[in-house]
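J.: Below are the chains, spelled out letter by letter.
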Amino acid sequence: MKQFFAVLLMLFAWSVHAYAKEAEPVMGNEALQERVMTLAGELRCLVCQGESLAESHSDFAKDMLSKIRALIEQGKTNQEVKDYLVARYGDFILYRPPFSGITAYIWVAPFVLAVAGAGLLIFNIRRRRERVKVTPLSAEEQARVNSLLKEDTGDSKAVMASEGDRP
Amino acid sequence: MMRFLIPLVVFVVLVGFLWKGLALDPSEVPTPLLNKPAPAFKLQELQNASQTLSPANLRGKVWLLNVWASWCVSCREEHPVLLRYSRSGEVPIYGLNYKDTRDDALRWLQQFGNPYVANGFDTDGQVGIDYGVYGVPETYVIDRQGVIRHKHIGPITDAVWQDEIMPIVRKLKG
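Listed in order, the protein sequences are those of chains A and B.
Residue 525 is where the first sequence ends in my numbering, and the numbering goes up by one at each step.
Residue 472 is where the second sequence ends in my numbering, and the numbering goes up by one at each step.
Hints listed in this document are in silico derivations from the structure and should not be mistaken for laboratory results.
Do not rely on the hints blindly, as some may be mistaken.
[Said to hold, decoys possible] What follows is a list of derived Cβ distance ranges for each label pair:
1) A:438 / B:334: 17 to 23 Å
2) B:324 / A:433: 34 to 40 Å
3) A:435 / B:309: 29 to 35 Å
Because the structure is a prediction, the values reported are computed rather than measured.
Just so you know, even glycine gets a beta-carbon here, dropped at the ideal spot from N, CA and C.
Construct the entire structure; sequences and hints are all you get.
T.: What follows is the structure, given as structure tokens:
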């Protein structure tokens, strides 16, 4: 079993290594390459959609990487590179969509729903508590209870115990 | 009453969202260029390197920009449809030959026929990036003022041509 895991681990390490190798800088400059890859990690590959540009091996991703590299070499900031791509491909290319227009609803909706749900829950719990609130017996009722208890003392304990268990 | 009404309303709203969501094709990313001026370019013509193609020269016309490449499989599927409708002369089709080599592209046109009035030769794909091309074929409908009015992603079929592209073209021609 141990051996099996060792082999698995080796395979994994190997695949990670192979992966890293494929994404190796074309242009040598490591700092530049790192910036390109960091940016690419935040951008979606439109062809493969589930992957970022950094992860993808599609031609589209390769084109985009070289474009991003060229833009950075022109002295563009990260934000300018993103703006450039958004202007052409739309917000969808960003993995973190901006807080604007229709996306505002999507950002806010979970919080609104969570608060609304919590509110509803509290409201319901309060109402339920109200419903089962223990009201003291009137003198008349108490008298009746006493008479009933006298009739059959055997069950009285059980009744009281179950009464006590109620919330 | 409310006890049943609230879940019912929630359910209906959910079904509405899912219904809409299922009808969307996730591979079709809406272009931010819709109703924006078509990005300017000046490219060598594919068939005649001494000539250039530029959208600026097509002002006053409603035209189609069809992005294609000889290496693109779906373009083959689309090609006969374009060829057939180009003969009708209803709307001029200009090509953007995307990330191709001149030899391959010319051979392709010779082999399958040429539906294009002219082709821009975008060998490095830079114009393609400006137009937000991410899959070929793609087709843009551009109006008289040079504004993009529609983008179709994927091959044009008879149905797409008749039900999607032509109604827009006719409307733009007025």
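J.: If a hint holds in the structure, say so; if it does not, say that too.
T.: Hints versus structure:
no., hint, result
1, A:438 / B:334: 17 to 23 Å, "holds (19 Å)"
2, B:324 / A:433: 34 to 40 Å, "holds (35 Å)"
3, A:435 / B:309: 29 to 35 Å, "violated (47 Å)"
Comparing the model with each earlier hint shows a violation of hint 3 alone; every other hint is respected.
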